[in-house]
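Undergrad: Bring the two chains, given one by one in their own frames, into a single complex with the hints.
Same order as they appear, the protein sequences are chains A and B. Its first residue numbered 1, the first sequence is counted upward by one per residue in our numbering. Its first residue numbered 339, the second sequence is counted upward by one per residue in our numbering.
Calculated from the structure, these hints are not laboratory results. Be a bit skeptical, because a hint or two may be false.
Output of the computed footprint for chain B on chain A, the stretches with three or more beta carbons under 8 Å from beta carbons of chain B [what the hints assert, rightly or not]:
id	stretch
1	35-47
2	240-252
3	326-335
Computed from the model, here is a short list of chain A residues facing chain B with C-beta under 7 Å [said to hold, decoys possible]:
id	residue
4	Y63
5	S104
6	N108
7	H109
8	G212
9	S215
10	Y217
11	K220
12	V316
13	K317
14	A318
Here are the computed lysine-lysine pairs in the DSS-like style, where the Cα-Cα straight-line distance is at most 30 Å [claimed, not checked]:
id	chain 1	residue 1	chain 2	residue 2
15	B	K429	A	K320
16	B	K763	A	K45
17	B	K765	A	K317
18	A	K327	B	K526
19	B	K903	A	K320
20	A	K254	A	K292
21	B	K765	A	K45
22	B	K517	A	K327
23	A	K327	B	K931
24	B	K517	A	K317
Heads up, the beta-carbon is just placed ideally off N, CA and C, and yes, glycines get one too.
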Amino acid sequence: MSKNTELTYTKKDFSSDQEVKWCPGCGDYAILSAIQTALTQIGRKREEIVFVSGIGCSSRFPYYMNTYGYHTIHGRAPAVASGLKTANPSLSVWVITGDGDSLSIGGNHLIHAIRRNIDMNIVLFNNEIYGLTKGQYSPTTQQGQITKSTPYGSLDRPFSPAKLAFGASATFIARTLDTDSKHMQEVMLEAESHRGTSFIEIYQNCVIFNDGCHSSYVDKQSREDHSIVLTHGKPMIFGSEIKKGIILDHLTPKVVELGETYTEGDCLIHDKTNEMLASLLVAMDANKAMPKLYGVLYAVNDVIYNEQVAAQVAEVKAKKGPADFHKLLNSGDTWHIE
Amino acid sequence: MSTLTEVESVVVRFSGDSGDGMQLTGNQFSNTSAMMGNDIATFPDYPAEIRAPQGTIAGVSGFQIHFGSREIFTPGDATDMLVAFNPAALKVNLKDLKKGGTLLVNSDAFTDSKIAKAGFEVNPLESGELEGYQVIKVPMDSQTIEALKEIDLDTKSKKRCKNFYALGMTYFLYHRDMKTTLQWMEHKFSDHPQLLLANQSAMKAGAHFAETLEEVVSTYKVSSAKIDPGTYRQINGNTSTAWGFIRAAQAAKLPLFLGSYPITPASDILHELSKYKEFDVKTFQAEDEIAGICAAMGAGLAGSLAITTSSGPGIGLKGEAIGLAISYEMPLVIVNVQRGGPSTGLPTKTEQSDLFQAFYGRNGDAPLVIVAASRPNDCFHMAYEASRLALEHMTPVIMLTDGYIANGTEPWKIPDVDAHYADIKHKMLDPTTVDTENWSWISRDPKTHVRDWAIPGMPGLEHRIGGLEKDFTTGNVSYDPANHQKMSNIRQAKIEAVSENIPLQELEGESSGDLLIISWGGTYGAVEMAMRALQKEGKKVSLIHLRYINPMPKNVGEVIKNFKKVIVPELNMGQMVHLINAKFGCNAIGFNKVEGLPFKIAELHAAFTQALNEV
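Same shape as in the complex, but just chain B (with noise of 0.2 Å):
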């Protein structure tokens, strides 16, 4: 008989063939936590290639869950239990397996030809190194098929069925109700009722069979964790983001319009956003990048809140659409969910490295409005905004998000969308209060400098726009020397001036101290973590976390100014830590890692200790 012990979080990773059902297995275990009231944060981590060859490491397929009784930030750096389907998956994640964790191996996979393939030399069950980890090694393939023998299905089918055997198993160690996920068969096999019966009964096989392993020596109960009051659901950064484009469009009473091409991994925000046809949304997949947002400007003229989405390689493809959005200064979101570069680079992998090209990666003097979602369930809010701020300012907006918090899934309190989410107000014209006779297109407002929107199908208001310059009166085209001087200042005085339109910079901890660690996008979880734990430790460490990116609040320098350190942390080779020290001139020192994985909060907490230290 086991032991029970009550532990405050637990990281559990499970790791298989990329065919094996890894990420389907990790989503019920993280719908299941959430349920019973914990704390959650999940990564996927997954190839490249769709089904990469059968137990080779390239073709290694995990999802790390990190549940617990208090706020969890993120998935976590090191895991408690590891469940390995075959010998790559124990190659690739064992080092990230706490020393004393639990390791639950599927024994029938370890093979003589796929541990050779894995690289493993001798069978790493037999040859010791497993010495100091909790081994539980169960013949998973023919357990459950023995437990599936009254059932009337192909031998093949039923060991399909071993992911749901391992999932029963971890349900049991950590106490885990079964009941989310019996309910989630029944909805998913409802026409297979001979599959739903085989996944039932390898789960509950799993289960029962874990209680009766002398292996397991204790069993972990993480209670519900003290969160907010309300009404919580899980969603994922991409589901996130669609869902924040909905309510933007809703809330400016516009259609919504998406122009996109698929791309890795970023295609989930077409696939969300063409669900809800609706809410006025078409979504439109277009021939190539560059259609994508050229449709989305075409709507955008016609009056629809216009989107497109993609990543790095496809952000490229867009700049020169990019440049003539701004040319014609028009609402327009341009999200990109940055993943590994440069090039094609690694597609499923997180990086922050896209944030020089948001700033940067057009012709000319090119200034543009940027923001960035700090976690899974931000990406609303910044959808919201992003769009708002493109609306009210008849501008171009980029979203940066990342893959890591574009697939992460969290729980989120469901906003009240009636009283934070409801009035965006767009610059279009009511065409019967204009005098047509003195009106020009690029008539602006004196503080924010904003022009009108006249869309096509307004009588008296037809115009013409163009790349080419334009005079800033009559907004013809223009080559006149001074003009393109003026033209340029009023473009980048008009995104200055969002800075107006954006909340103060938030500032976690003291407002002086030794050292401050500004952050951005979807670094956040980690870096909160880490500074956290040093505030623990008694040290003067405080933290500015970034989501409005250009302009930024206007309180920053003064924020950087109260600390004697200031350290940037980022998915990159030093970009942020460039920008802020052009701006402010703060001598900021950076922490950069581009290994296409998110930050640990040990190595966070490493690289703050040394800064403080060094103050």
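Pulled out of the complex, with its shape left as it was, chain A reads as follows (with noise of 0.2 Å):
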């Protein structure tokens, strides 16, 4: 859909009149302030969007959106999402989703709705843990934590969400975190535009049961030693005093001091549209060690479902003229009785 430019919408123009019920300190407010700025400037008119969800504290979202709102069943909202869709293209579909209504309940749906490359953007709170349910461990919760369901420890290996979208053909993966606001609108401005399904992961703390899970990479003195910001077409370089780069050691990228032996002409430049780079960069995410990434990973066209589906429809009704019912049933065989 192209963007209508003479739309003036502000923030507010989004925010419903239920009152926003997330516990205190919830990384959920700033993402839910960060998407209703985006839409300002997203050139699509206010019913027009639909915000479709699960079901987890991330999931109550829609209520709180002035939009067409759909708060379906656990794990679901990505199919509802492409029924939506492909009944009607023209509107502008969000999925807002959690690490255990996506990845595990939903995990089906998720990887089905990202293979049809449905035009739909799915926003998954990753908080590492199920917190409506209260505290038991999730598909996304490091092995060996404690929690409710996990006293000794939680046995499970994590999902890595980047490598798994990866893993069912994603053309659209982006990383952000709840404690850059202005990141997050860029993120889904670049989101909404690409034509496709875009997979947007983000860092999202629980204030309750899992605080602080995302810190080291996520927090403002700490962030810029432990994180990359991916831009296209530059160096992936990073640190606070220390300035390190990411070089390529065969085909294991690895963190360089930059300095005397390596330079920036030595670090990897980032091309979000190389499948190649795309896949070392989510085996890398994925590893504990290496630097946890922001920005788009991977962005890709390819074709569309629900613009199939609709020329599909479209070819067969020029193929086979109007469609006349009295013509089907009076096809193939009939026989008169007078």
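TA: Below, the structure is given as structure tokens:
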């Protein structure tokens, strides 16, 4: 859909009249605010925007948005959104989900929505815990972590959401963080302009059940030393006082200090359209010893399911001519009784 | 020279290995009979495995056709003629062949190993156990190959024409015109001139051969049936269902969206609907049953007529989403083509055991509308009705059919759709006429309790709906105790109010008497025939066959009061009888069977007679 440049919404236009009921200090507040602000810039009318969610703390999101909104059932939001977008491709469709909702009970729908490349935005709030059910481990909880349901430590190997999305043939993979409103907005805008499924993981803090789970790479004081903000066409460098960069050692990305041995020129240049590089980045991102990645990891164009469905309908209509139910009823062998 | 005997109706069963083309052969026989003016009913009976081991009992595939010069309601209890392509087919089907009936066997298939594989200790063609039947032994493989010796084809391909050799023989025996099948072959094998020639030649050779046979003591003529004037076609239940939805979407002026996942015996509805994109039909083969219904719901929220199709196990998976559709109060049709259960059960066999699932298969008090089709061509009407009720009442509707009527074929008098299937008044708003300031998505019609339908894209009507309980007035999330009671009441009342928008229950027979039969769903044909036979005997028996199951027509209770006894025949362990007794307190008795097969007229006749004797 083309951008409507005459719209003059403010953030408030996207706030519903409902009182927001997340815990004080929850990362969700910042995400809500960033998305509401981003929506003022996407050039879409309010009535054309739909938020669909599953079950969990994050999934209460649609209630707070003054758009069309559907709070569905646990894990199934991508499936509902797939039908919605396929039936009416002119809508701007946003799926709001959490790590339990999308990676555990709804894993199947997530990978298939991504595989079909349905033109919608899937925003995953990852706090590495089940919040609404009060503190059980999730598919992204770190191994060994003590939770309500793992008093001796979690045994499960966690998912890396970006790696999973890449494996499901995602055409857009991005990561942002609840402590950086500006970055969240930039990522949302780029996701909305991407044609196809945009998969966005947000590091989100659960202040009650998993406080500080992301702190080393999201807190302002330590962030710069533990994460890289990816920019298309720019070298992968990071670090506050000591500048570091990522070089490729055979097939393995490696952190090096920049100075005499290595310079900026030796570092990997980010190319969001390069599939091979993306495979390295999602693997690197899943490695705890490596810095976390922010920004758009991968963005390419591919065929879009909802567009193909519409095209096929148009093609058949053009080929077969106007639909005639009488013709259908009388198709094949018929006989007449006097 | 054989004599010609005129008969009222005949039942023929073709049976062989699942790779022998039995469904195709049976379909040709039934098409030809319909084209010749007979009334017909068919019953395909095939194994769950696509190609079970050759020659085994498990691999037997059959197709039964009942054709007559009078109204035909069922594929028939017992067969007048059995065509058995191998010993296993004979083993499985002999018990259903009438004494004195005609048995056409492929003697080439009666080798020692195949005889043993079928479980016979000695060759049944030689043991004398077929005495009392009119046995026609024909070495079909070798004779077909011989008949096609001039044709340039490999022997294996020639052998595969034997089903048409046998069909040619049956056409001669029952004076069927070969024209329809010959024409069909021209179309089917248009790209393979050798195969066309081979199949046509095999069928003609079979017919000629039958003419020369001494064993053929009589041929049979079945005159055209006296049928309502009009144009007819054949249709099976799944096609009929699909077309009903296409027509309903047209009548409602909405696009149609099917979200579905393949499952026996419902997949044919998906196949059928996927063909008709020119009717604004979108079909979405989802990653699982849950995604099937959820995608349909998404499309429904966007303003399509939303359908999901499945069978019992799939409906189980959809349960939570059905509850959400009830909570949303949104239009949605859920089709359950019932099969034998529980669990995977008997995928290719018929049953009516998902009635309780339709009523109660969800958490919470979750009422919805339930309808059931009575025969293959009624699926069109009930699919249309299910859609109409869903759209006019903003509610999910479960439509029950079953494997028997889904795959069964019968003639269908093509309805005047412009007169009878043309107008569905859905609840979608025109946003320009709405006072958006004072509008709430949950505002209701005071009489029907039905809410408005506002969809994304409509300015000023943005709203949020969820599965959490909603405030009666604002539609916002509410945990208020009194409100939950009120909302539960209104959801119930809304479904009950549907009874004002469905026809009164028809009664077949006198309005009072000794025995009232209450049946529902796909058993109609057999129950109707059994009841007619009893009425001819002078018995005071009447029938109500339910198609609107929840809510039921308003007059059902009144009808029941005028009978001394009520019997409810069902292909389950007693579900409708339980509901009838709970609702009307009438001490109805059940007659139940769960063998994966439809009722036979004779067993119903016996059960009804016994009930009458106990009055």
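Undergrad: When the hints from earlier in the document are held up against this structure, which numbers fail?
TA: Result: hints 2, 5, 8, 9, 10, 11, 14, 15, 19, 23 and 24 break, sorted rising.
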